[in-house]
Structure formats: structure tokens, C-alpha cells
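Number of protein chains: 2
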Amino acid sequence: MKYIVAFLLFTFAYCDDYLFTTKYIDIPLDHFSFTNNKTFKLRYLVNDSYYVVNHPIFFYTGNEGDISMFAQNTGFMFDLAEKFNSLIIFAEHRFYGETLPFGNESYSSPENLGYLSAQQALADFVYLIDDLQKQHLNSTELEKLPVIAFGGSYGGMLSAWLRMKYPYSVIGAIASSAPIWQFKGLTNCENFNKINTDVLKSLGSENCVNTIKKSWAILRSKTNSTDGKNNVSQQFNLCKDLQNSDDVETLLNWLSEIYTNVVMVNYPYPTDFLNPLPANPAREFCNRVDSINYKDDTGLIQALAAGVGLYTNYTGKVKCNDILQTATSSLGETGWNFQSCTDMIMPMCSTDDDMFENSKWNFQEFSDDCFKQFKVRPLNEEVPILEFGGKDIGTASNIVFSNGLLDPWSSGGVLRNISDTAVAVIIPDAAHHFDLRSENPSDPETVKFARKFHETHIKRWLHKFYLNGNHIYKFKQYE
Amino acid sequence: MKYIVAFLLFTFAYCDDYLFTTKYIDIPLDHFSFTNNKTFKLRYLVNDSYYVVNHPIFFYTGNEGDISMFAQNTGFMFDLAEKFNSLIIFAEHRFYGETLPFGNESYSSPENLGYLSAQQALADFVYLIDDLQKQHLNSTELEKLPVIAFGGSYGGMLSAWLRMKYPYSVIGAIASSAPIWQFKGLTNCENFNKINTDVLKSLGSENCVNTIKKSWAILRSKTNSTDGKNNVSQQFNLCKDLQNSDDVETLLNWLSEIYTNVVMVNYPYPTDFLNPLPANPAREFCNRVDSINYKDDTGLIQALAAGVGLYTNYTGKVKCNDILQTATSSLGETGWNFQSCTDMIMPMCSTDDDMFENSKWNFQEFSDDCFKQFKVRPLNEEVPILEFGGKDIGTASNIVFSNGLLDPWSSGGVLRNISDTAVAVIIPDAAHHFDLRSENPSDPETVKFARKFHETHIKRWLHKFYLNGNHIYKFKQYE
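Line by line, the protein sequences give chains A and B. Mapping of the first sequence onto our numbering: position 109 corresponds to residue 109, and the numbering continues sequentially without gaps. For our numbering, add 1000 to where a residue sits in the second sequence, where the first one is 1.
By construction, these hints were calculated from the structure, which means they are not laboratory data. One or more hints might be untrue.
Stated by the list, open to error - Straight line, CA to CA, 25 Å or less: simulated DSS-like cross-link-like pairs of lysine-lysine:
(1) 134/A <-> 1391/B
(2) 134/A <-> 144/A
(3) 1391/B <-> 144/A
Unchecked claim - Pulled from the structure, derived: some chain A residues nowhere near chain B, Cβ distances all over 10 Å:
(4) 21
(5) 73
(6) 135
Here a beta-carbon is modelled for each residue, glycine too, at the ideal position from N, C-alpha and C.
So here's chain A without its partners, still in its complex pose (with noise of 0.2 Å):
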């Protein structure tokens, strides 16, 4: 927890709170076209407490949500960068967060929306890390600075394509939790459903898994009365009552979905990313629901709610539950449904063998939901093959890819090595993206670990970097 006292110097600085500056670039809005020449203001974070002049740039490339969530959650970068005297940078991607091309008319029509892709936020990090580079650099020997991208999650799949697709900007990318291989015909689509049930049982108990395997058909026939969406609705405490099918469908996803987040972020101790948890979440929520010994449907609901409660209530301020958001109004849902629709597209199922309502992936009722919602539709289940090559990447190179078997999301993970320096680091007991968080005294050894591969692996692009340039003042201290 180095960090805390550097920042107890700054004014405005309180506990476990990292500072920045904030600042903006003007970006064109599209990269690729020249349909128009307009051009939007991205917003990105510095913090340069450890900067030393042409030293590294640690560079985070945002992911579907307000950068400052990631900025908070993302410690690793800053123990890495008292190391290495690295200038740490945070970058939002378009139509999260601040930053929005079109202010508030941003999600009103595809002809706006459709700017949010993966493809355009590569390319708007590319043009930021060139100007940073052109800011922070101070040297005749060095043409560039090094920069080093790092991401969690879809920010982690953003960070390997950006090293993939354009590694004159980024001489390498730690890329953690990074489903690259979430897409057709590369992982199974029950999978992540499968390793989330798995490890709720392993970490919390085999009965907890089968309550809410169970509660699916004991939901659905309650709530097809209005006095049992009634009921239902009180002991979930949503703010309004279910009133017809479609809120019924709301409130499963919304509770699939915390069954998901609360495995997610099974970190050891206390944290607040998606939502305010304790230690070990997981392992919390199984034993509030098994606290309660039901004996019929009704307490079995009643065990989910006590669980569902510990994920949505930890604080004790929260008045009433809203089934239209899972997680922190940070995490840009809504953004990110879209790219799921176009560049993004993930197939997910359910089978008797996890503890989700089974469900079939059907892509054109996927489609048909798509364009109901944005008004577009997937070209092809094959887009983000046909963009980013599936698992056909043996070119890649100076990326390490790490995974925690604990993460639903390794189900679409790097598990081995691509290349001689694409590689990949797996976690046993580590939730998503965890290796990113600060050092913390619960940390697992395992946890540790990646951390360290990481840093050797940044030292060894380092090296080179510094080596190749003939810049032999610097590069001694990567050996």
C-alpha cells in the first residue's frame, strides 16, 4: 500500500483513493472513413507521481465503462510504476463514462452509436499514446517512448489487439482476464455458465449452487399470477412490482447476472468495482442462502433474496433493488449490449450441467432481439473472428495473457502460450482480473506470482526496447 502515503502528500487526497489529472484530447471520430471530419473529446487520466522523464508509459485502455471505476481497481499499475518511474496513464473508450462523441444524443440512433466499436477505440488509444509520446518525450537519443498497455477483461482484449494490430504503439500489453476467444466456434458457449456453477460450488456449497438451480421454474410458475409477481417482488425488495412477462424476464437475467458478478469478484478482502463486498463474496452469498433452511418454494426464494441481498445491500443504504442494473451505474450496460450486437458477439448458453435456466444460444432470435433494442443487427456470428483472427495469432508477440480458473471469463481465455513472447499465466485462485489490483496482505501466493511474471515480462520488452535503441543509459536497470 506504497501508494497511499505518496498520495497523503496531495491535496484533496483520502484513503485508497488514487488521484489524476484529468485531461482531454480531441479525436476523430471516425478512423477509418472520411465521410465526415468530425471529431469528439476523449477523456483520459495521468498520473504522474512516479514519472521520470523517458521513462515507460503504463497505459490502460478503458473498457465499456467510466475509466475512474477502472482507475480505482487497477493498483497493480501503480506498484509497477514506483518501480519503474513510469508515467500512468488512463484512457476512456468512446461512448462510456464523459466520454460521449454525441453529449447526450450518444445512444439515441445507430447513425450516432454505430462509432462504437473496438475497432475505433484501438484506433483512438493509437493517436492518444502518439501524442502522450510526443508530450513526454525529452530525449535526442529516443525516438519514442516505450508505452506498455494493460487491460482487465474487455480492456484486456483491447490491450492484446492493440499489440496485435498495431505494435509499433505499444511494445507490449498485459492483458488479464482477456476473453479473446469468446466467440463463435472457439470456446463452447456453455462454458462460462459451467465454470461460474462450478466454482460457486467449490467456493460456496453444493446446495447453494442447486437452490438457484432449482428457483428458475419455482420463479417463473410464482410469478405468473399478480399476486405472486407481487410476493416475488417484495421478497427481492425491488423498487416496483413486476407487472407483466417482460419484467419477469428482467428479473432472472438481473439475478443470472449477479450470480456471475459475485463469483467475478471474489476477491479476499473488501473491494468496491462493481459493487460494495465484502471479502470473499462468494463464499458470503452461499452462506446467506444456505443460512436459511427452506422447506418450501417460498423460502427458497427467500434463501436467494438473503444471498442476492449480500451482493446488492452489502452497505445497508440501499433502499430498494433496481432489476434494470446489476452493478455501479459506472459500467456503461447499455454500451456494451450494443457491441455484443455488432463487433462484440459472445454466444452463451445453459445445460442441466450448471445451475443457470438452460437456454439454447439461437443466433437469429439473438439478432431479431438486437435490432428490437438498437435498430442493427450482427452481420455474422464471424465479425470478431474475420477483425481480430480467432485463434489463428501466432504472429503475436510481447503479450501476457492471465487468467484465474476462479473467473467465469477464462472459459474464453489465453490458457497457453501463442508465440516465444505471447504467453499466457494461469491463476488458480483468482477471480477476474485480480492480478491488476494492488498488492494486498490476503493476496494469494498464486496471485503474487502473475504479478511478478508480469514484471519480468515488462522488463524483458523493456530491455530490448532501450537495447535496440542503443539507449544504454537507461536499460541496465531492466536487466
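With chain A fixed as given, assemble chain B onto it according to the hints.
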């Protein structure tokens, strides 16, 4: 000339023409954003006369013109296809030839024409290659067919970039005379014209070059008056007399381009690429210029006009010269001018050391001209470097960059090895993408060597491809 025999078997075959089936594929207009779901028909040419199932695809990445023009001037692919049992594809570049996404309206506004870009074209090729692989693969052992990209000039740039950006789409690229370094800061703006001049001096004569250098001031002075404009118009046999100073600029540009083209296509046997020309047209051009022992300015223009006549009317069938066009109308000059204004910004200038009228590179003026012509401006001069990396492309693999030293475009070419497998071959006595032409008795030894070099590398890529997949049944032939 083996292929000619093969082609005589076709109905409608006639001498020295390569035959193709014309096909079309529906392609998304915008691969990178999702503001609309428009598609267009991309034309491509197929020759399967040598193809044996599960053998490689040779894929020409079309450049700025009608694809059949390139298909008729890239015989090397046919010579090689016979050896490798390959399928031959020539893919047309969007907005050229018949591939007009908005039909007659394609060039009418930036809203339409803006979709003309190198990045979109690359994605088109990826899309088509994926479709071709699905059409032609017939194996339980192979996951896909190996594809080799070929291209000359801008087409060669696209081949190289296709391999760099989408290495899963093509296993290697033959990038002939591809000036991927003809961008800001990568080569001096005067290099192109300097090489052009040196080559014409060495193949033609010092007198020829001096005559050209002297002509600019004379032409400007002569065309100051109406009588002078008429005289010059007659001397150059223009279809329409020069009317104003804009016309004079057009004439001077037209002349410059002719002096360039005659060097670019200086092949040692008669060809019909940009225009019908005799063998060694650069020498012939200067022979004509030098044949007139001029005494005054009118005589000097007469000497130049004699040279120009070789280029514009070698067949003797042209009635008059249109200064709005310097080559076959199959070349999409307007489209290329648009690309020069957006992502293919190539700074050019002339000095006392070359035969052209002195001119400085002035980005602002260039940008203003772009806006006047197309209602677009280049964002900045660095766009192509941000997109494709400039000289920082050390991660590139499986590319052969070939450059003839008689080719002015070698100014922006890759003349040294980039990595272990992205290598350069220099052809001392070759003009623009000479190596992509078919075998000919007049071929210099160095051109034959370059073709062998290509073949060796293609064999190596294929060997590795079939070996990696354990497809031992076939790789032996590539050892």
C-alpha cells in the same frame, strides 16, 4: 509464355490475354463502425485453370484502377500458379473499376466517397479471402487454405499491410514496388523526382533531362499570351486549346506525369500497361527528344512534344491529347487523388537537382487543394504512420519487399530486411513492379533472380503452413 498455350484451350481466348471468370461478393460498406448496414458488390476475377483442391490461393490485392488492367499485367502469378497448383484471384479495390459502392453517385460527395480508404479495402480483402477459403477448401485435415497476397505499387502496399494487420488472413505477401515509406518523415520529399531524373539521364541522355528542366520556364513564359497558349496547344496536339492559367498548370502537371510514367514502365519489351509503349520507352523517349537539334524555345517545345508523342500515341491512333488524363482511363486517377488527400498523403517536392519545376512541399496548400476538389482535408500528415507504423514495423513477418532501382517509387520502398522473414530484394535494372510481369526472353538476370527469391519465400511459407498443421501429405512439394 506457357500460360498462353493453356489459354488457347479456352473458348474466346486470344493471344496474350489472361482469362478469368468474373464474380461478385456482397461486402459491408463499413467494417469499422455500425452506423448503417449497407453492403456493396465487390468484383473479383478467378482463374482456376491450374488449381488443384486444397492448394494455395494466390490473391492479388487490387489497387487504384480497374482490376482487369492489373490482371493482364501480373503474369508472374500465372507462371507460379502453374508450379504451385494455385487458384488465382484478382480482387478489385472498392471505388475503382466496376466496384462502385454507390454506382454513378460513388464520387459525388464525401458522404459516399469517404468510404474509399486503404483500411476499408484491407478489410474487404479479409472478408473475401474468408469466403474463398470456405468455397474452395475440401479437407478434413486443413482448417483453411493458405493464401499468398501479391500486389504491385499501391497494391503492394496493401499486400504488405494485409499481412501486417491480418496475419491470419494471408500467410505471406509479395509486395512489389510498394512505397510504404513514401510518407512524412520516412523519406525526403525530393527523392522520388531525383531518382526519376537520374534514371532518365542514365537510360536516355543528359540533353534529354536538361531539355525538360529548361522547359518549365519557357512554357510559363510562352503561355502568358493567348497566341502563345494556342501555339503550345498545337505543338502538344491538345484536343482543347489552353484557355487560362489553370489549364497551363494542368498541362505542366500532365507533362510531369508523362516524364514519370515513361520511366516507371520502362520495360525491355513492348507493353500496354498505362499506355501502349515500345520496348525501353525511357530511352526511346529521349531518342525522340534528342533527335531534334533545337535552336530556340519553339524548337525545344517541339523536341519535348516529339518525346511526349511516343508516350501518348505510340500506336498512331490517338487523334489528340487530353491533358486531364495521363494514362489509360482504367486507372482511377480521381479516386487516387482522393486517397492522397485522406490517408495516403505522400509529400513530394522538386529541387535544382532534378528535371522538374522546382516546388516545395507545402502541406497547408495541399490541404486547401484537397478541400477545393473533394470537400475533405487530410487530418494531418501523420495519419498513414499512425495507421501503419512507418518504419517501426519490426514485428512484420513473411513479406518480400521488392524494388527496382530504375523505379522512382523505390524512393519510398523498403530496401532492407525488416525482420527474419520480412525481407527486401533489390533489382538493380527493373522499373515499376517489373518482377510481377510474366517471364519474357528480354528479362534481365536480376529480375529472374527476384522472381526466384519470391518463389523461395513462398515455398518456405507454404512448407511451414502445411507442416504446422501436420498435413504432411502435401508439404514435401514445397521443400
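* Failing hints, ascending? -> Nothing - there is no hint that the structure violates, so all of them hold.
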